[in-house]
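J.: Start counting the sequence shown at 21; every next residue gets the next number (this note's numbering).
Incorrect hints may have been included.
Said to hold, decoys possible - The following label-pair restraints were derived from C-beta to C-beta distances:
#	residue 1	residue 2	range
1	Lys119	Lys430	23 to 31 Å
2	Pro129	Ala97	22 to 30 Å
3	Glu300	Gly103	26 to 34 Å
4	Gln382	Lys118	31 to 39 Å
5	Thr132	Arg322	35 to 43 Å
6	Gly288	Thr132	50 to 58 Å
7	Thr209	Thr244	52 to 60 Å
8	Ile205	Arg256	24 to 32 Å
9	Lys119	Glu289	52 to 60 Å
10	Asp408	Glu339	49 to 57 Å
Calculated from the structure, these hints are not laboratory results.
Where is the CB? At the ideal position from N, CA and C, for every residue including glycine.
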Amino acid sequence: MTDIQANSQVEDRHKAKVGLFVQAERRRDARQPATARATMITLVLFVAAGLVFAAVTPLRELVRASGTIVPTGRSIAIEHLNGGIVADVFVSEGERVKKGDLLAILDSPELTRNVARARDSLAHVEHRLAGTLGLLSLMNFGTGESPHFLEMDTTLVENDHADARQALFVERQRVLQSQIEQATIMIETLENARDIAVQRAHGQEDQVSRFSNLAQQGHVSAFTLIAAEDRLGELRGELASAEVALARAVGQQATDIAKLKDNELAHGEALLKEAYDLREQQETLKTELKGLLTQIDALSIRAPRGGVIQSVAFPMTGEVIGPDTELFELFPDAATLVAEVQVEPKDIGHISVGDSVSLKLQTFDFRRYGGTSGVIESLSPTSVTQTDGATFYRAVVSLDDSHVGSDEDKRRIQIGMEAAAEIQTNSRTILQYMLKPLDSSLRAILTER
């Protein structure tokens, strides 16, 4: 009985264990479909979320190009009116200059000769003018004094032309002065002769008067009286001749003195006229020389405004430049800056006016200063071919800012800086990008014969 009970208990325990395993397996079998369903639902939701994200999330389509910062508006063409030979050039392309900076110096041999000739002529005229004015300063008109021309110290003038002219004038005046002095001596002699003739005539008159009284008394014959009267007539004739000669000598002396004064006045007038003419020549030559020096100064070509030299047409010394030939092209600082971007022909069809552009200036570290943005303002209607054969379209991009960087570390954008441009053309979703190969393949398959 005991054995039977023991076996029965063993069997019961075995059945109990088997039941537990079965229940565990059943529970496990019941849990597996639920886990699979949860996993499938999670995967479906994740894929659906990814598809929704890919369908609604846009990605920008970019066209990358390179460009240069340039000013808008017209550049200033720096020319020279007369041309010349390049003596020296002080700037190069892309160099920034300030107003008044020396760009180049030209040489003009003909202009240099004209300046030398004008200076020589002006020096000659001024030399003559100085001598003439020096002589005028020595003149003393209308004083009535003794001939001062004999006392002139022309060495004070220090002018050979004035010395020679004054020597000729003084020599002529010396001749007249000698004649006046001789006339003075002659007048003194004639005055003495006249005085003697007067005395003799008076003495003869007294004798005739006495003879007349004696003749009335019968003491002197009539013949003696007549002879005395004849002698008185002769003496009176001699007196008249002496007075005539004296008057003639005085008149000649007065004529010579007047001529002496006239010569002085004529000489002074000639000096004044010459000084006037020389002053006119001096002013004319000064004006001519000033104009020539202005042309010489114009050979030093300077920047009319501050800006950037865009091109140098004649960078080599010794080159001959014709009149009105453009030497430099200058972009002023005041001009609005834009980016001139070179777009490849394969990308031009995706770009239009108004597209947004992001610019990275190569001269500044983008991680530190960042970049700037802008908008395409214009596109060239035709392509441009460079000398190396490369073809591109020109796009002009307006800049939203003239600086890059923050307020504490701001940098100014300048003409000539190179920039990398990213032009946003369109936007597509991630799903469109993912389906693009399939779409392209289907389109190709559906169009095959």
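J.: Does each hint hold? Answer for all of them.
T.: Status of the hints after comparison with the structure:
no. : hint                           : verdict
1   : Lys119 with Lys430: 23 to 31 Å : holds, 25 Å
2   : Pro129 with Ala97: 22 to 30 Å  : holds, 26 Å
3   : Glu300 with Gly103: 26 to 34 Å : holds, 33 Å
4   : Gln382 with Lys118: 31 to 39 Å : violated, 25 Å
5   : Thr132 with Arg322: 35 to 43 Å : violated, 20 Å
6   : Gly288 with Thr132: 50 to 58 Å : violated, 41 Å
7   : Thr209 with Thr244: 52 to 60 Å : violated, 34 Å
8   : Ile205 with Arg256: 24 to 32 Å : holds, 26 Å
9   : Lys119 with Glu289: 52 to 60 Å : holds, 55 Å
10  : Asp408 with Glu339: 49 to 57 Å : violated, 25 Å
The structure is inconsistent with the numbered hints 4, 5, 6, 7 and 10, although it conforms to all the rest.
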